[in-house]
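A.B. asks: These protein sequence lines are chains A and B, in that order. The C-terminal position of the first sequence is numbered 422 in my numbering, with every residue numbered one higher than the one before it. The C-terminal position of the second sequence is numbered 701 in my numbering, with every residue numbered one higher than the one before it.
Calculated from the structure, these hints are not laboratory results. Mixed in with the good hints there might be a few duds.
[To be verified] Under the rule of at most 20 Å between Cα atoms (straight-line distance), these lysine to any residue pairs were calculated in the SDA-like manner:
{"id": "1", "chain 1": "A", "residue 1": "239", "chain 2": "A", "residue 2": "320"}
{"id": "2", "chain 1": "B", "residue 1": "630", "chain 2": "A", "residue 2": "341"}
{"id": "3", "chain 1": "B", "residue 1": "630", "chain 2": "A", "residue 2": "170"}
{"id": "4", "chain 1": "B", "residue 1": "630", "chain 2": "B", "residue 2": "683"}
{"id": "5", "chain 1": "B", "residue 1": "460", "chain 2": "A", "residue 2": "194"}
{"id": "6", "chain 1": "B", "residue 1": "460", "chain 2": "B", "residue 2": "430"}
{"id": "7", "chain 1": "B", "residue 1": "633", "chain 2": "B", "residue 2": "618"}
{"id": "8", "chain 1": "B", "residue 1": "460", "chain 2": "A", "residue 2": "197"}
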Amino acid sequence: MRPIDAQQAAAALRAAHDDRALHARQFAAQGRPVVGYVGCDTPVELITAAGALPVRLAGRAGRDTSLARTYLDGAVDPQVVNVLAAILTPEDGDPVPDLIVITHDCDASLQLFYTLRELRRTGTHSCPPVHFVDLLHLPGEATRRYNLGRLSRFADQLAAWRGRAVNAAELAEAVADHDAARRARTALRKQRASALTGGEALRWYAASTAMPPRAYADTLTAALTGEFTRPEGRPLFVSGSTHDTTDVYDALEGDGWLVVGDDHDWGDGGDQPPVGEPTLEALTDHYTREVVPSTARTPQQIASAARGAVTRSGAAHLLTYCRQYDDAHRWDHPARAAAAGVPAALLRDQPYAGLDLPALTAQLAPQEAQMTR
Amino acid sequence: MSESTSIRPRRRTGPRLAAARDALQHQREWFATLRGQTEQGRPLALVNADAPQELFRAMDVPYVVNQWWSSIISAKRMSGRYLKALRERGLPDDVEQYSALPLAEALSPRGDDAPWGGLPTPSLVLAECTGDSMRRMFQLWESELGVPFWPLESAAAETVAVNWWELMRHDWETAIGSARIDLLQDELKALIPRIEELAGARFDEERLAQVMALSNEQAEWNRRTRDLLAAAPRCPVPVDDIIPAVMIPQWHRGTSWATAAAKSVYDEVSSLVGEGRAVVPEERHRLMWIGRGLWFDMDFYRSFEQSHGAVFVWSMYLALAADAYARYGDDPLRALAARFCAFRDQMYTPPWSVEWYVKEAKTHRVDGVVHLISPDSRSSWFTTHALRQAGIPVLEIRADNADGRSLDPRAMHDQVARWIESLPDQSQGC
Ligand code: SF4
Ligand code: SF4
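Work the whole structure out from these sequences, hints included.
C.D. replies: So, in structure tokens, the structure goes:
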């Protein structure tokens, strides 16, 4: 890639966010496959090493999800229902994957996998082939051994899919590329609060899941050399459900807030240390112990992480945002709020890509009044 | 399903199983003894229903099943008061309440009116991390009450052989796949030293083998009972009689009492069939209920007998007890792991759940299925679809089973009545 200036880089990140199929189309035009994935602990380096572009499947506000809701009913996060709708009836701008990979990062992902598996088995609806990578996250040795087995199986499946095994050089390059993307993301996490609106930071992060990793690393690194001034707004830390679109952040920031940090995996919570060694063992350690979905963290871990992140980002308020049916985050809200030490609100039952702004104000106002008294 | 034990016999029209009465009485005596022992310092484990209780049994560490205890709390109408303790701490009182009730009780002020004297504080809590909430919820036992929580993974398979009910007893390795069994077996090996500490004794594989043998025998009796009920010309026992008679012994799996109790259910049902007893003398419609039970209105199930000659002939509790537990094999620890590492899939995950319902519907010769879809039901579209594909009429009802407010019982009764009237009448030879 040619060296580009910070402004062009920022525009490229935005473009990759606004049209999540942009790079996928380029790949496809070169006759190379695209793998759509769901789950923050997807071993993307194996996909890249197999010559494919990993694109994390995202929802879109306003999409017609009625067919998806028919199959994937029950108390399932509407974000995942939206993703299912994109798979069943892709619209313009949806990446059309040659293969789908789903991990077990939360119950919604698992239910999505079961639904696709059953749709395929019963011939109810045609959709791309689906692989499920059951990575688990308890700290014990049994889990690590199990995960090693899942990763080698997945590597074998990818080899069978493309007709050739991943060799050592391919894996080394893929790990190096994704590690470069990780380092760039970490730099973004450290700079964002003083440089970008929450919505813009989330766009830059989201680009990492739709671009080739090396190109992303170079682009983001270039973008971060730009000149920034701290945006206006009351600094807020967002916890709870994931945000795969910027709708909620844009609404918050339109209301005078500034999202300076978050801990879900599309945002700062997607921060990962480098994998380092290009081996299945190193990947296993990484995806077992370094990438821990929020559902596998204890309330204590979440609370202490929130305390650190709130302090570092300078947030003066905390929001635990729970989408409808994504209630698990409510279990650790009290511990998280106490640890953060700033006025905290819990919004539950929120619709996909939306939030109840008056309720947020109503919860925070009395706490602020008490603090200034 | 554990909610079932909260069922109290009410209006009686058909025969009343002595086995159900005995089981309820045994349960009270057992619990009183257990309370006495824990007061004297014996350890107590609290174990989730889908976690390997047999390990505690084999090491003589008394345990209480979390969901059974929830059912007692609900039956004594204490849920509201206990859930308040969660609410007051800012914790959800409406997420997985059934698993959370014992925790809620433990967080509540102790009162004299606690059900059955109250659950003694456990020495250890064991649960699988299913769904998104379990791990966080059970961790609160540790952080709020100082009770150690031992989590187990809840692994999921990419591919499974569909006909699990045929494979599970002997060929579970094929049905489940080795990876998941390896995982739970490894986890159990890591757990054993912890239970040894509680027990003050060493783990004895022989003893576990006996426990597994007894529980397999219990499952065989349940299977015979289920097969008998499926094949009987007319349904001889109301479903709400069968449920406590089968479920209470499940909480005592691996004891001679439980195996004998399962046998006595079989003997009793078998003599009723022999006598030609029938819940409805003129049985016109055989029905199946899928989904959680309507715990707020158990009489519902019986209310179409006189008016419509319609009888619910199938319960998930007996059917699971018949198909889902037996695991034979030379290595008792591995067989135990195989009993639980895919346990919930049997009833909740397609294709297993879906195809199993179809098979049960056919073997029980049902004329229609009432499918209760609660807000957290899974894969309900596939279940309904598969049954209809198999030619079985399905009535879908959307409701929250735990909450009587979410539906109007009268309206639901009328809806089911109209649907039954639309079914072909079996007594007319259709
Ligand atoms: S936000 Fe909720 S549903 Fe989404 S990944 Fe996290 S836990 Fe799962
Ligand atoms: S899911 Fe079934 S087995 Fe598990 S606890 Fe609930 S009722 Fe019991």
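A.B. asks: Give a verdict on every hint.
C.D. replies: We went through each hint and held it up to the structure:
no.: 1; hint: A:239 - A:320; verdict: holds, 10 Å
no.: 2; hint: B:630 - A:341; verdict: violated, 40 Å
no.: 3; hint: B:630 - A:170; verdict: holds, 18 Å
no.: 4; hint: B:630 - B:683; verdict: violated, 27 Å
no.: 5; hint: B:460 - A:194; verdict: holds, 14 Å
no.: 6; hint: B:460 - B:430; verdict: violated, 26 Å
no.: 7; hint: B:633 - B:618; verdict: holds, 17 Å
no.: 8; hint: B:460 - A:197; verdict: holds, 19 Å
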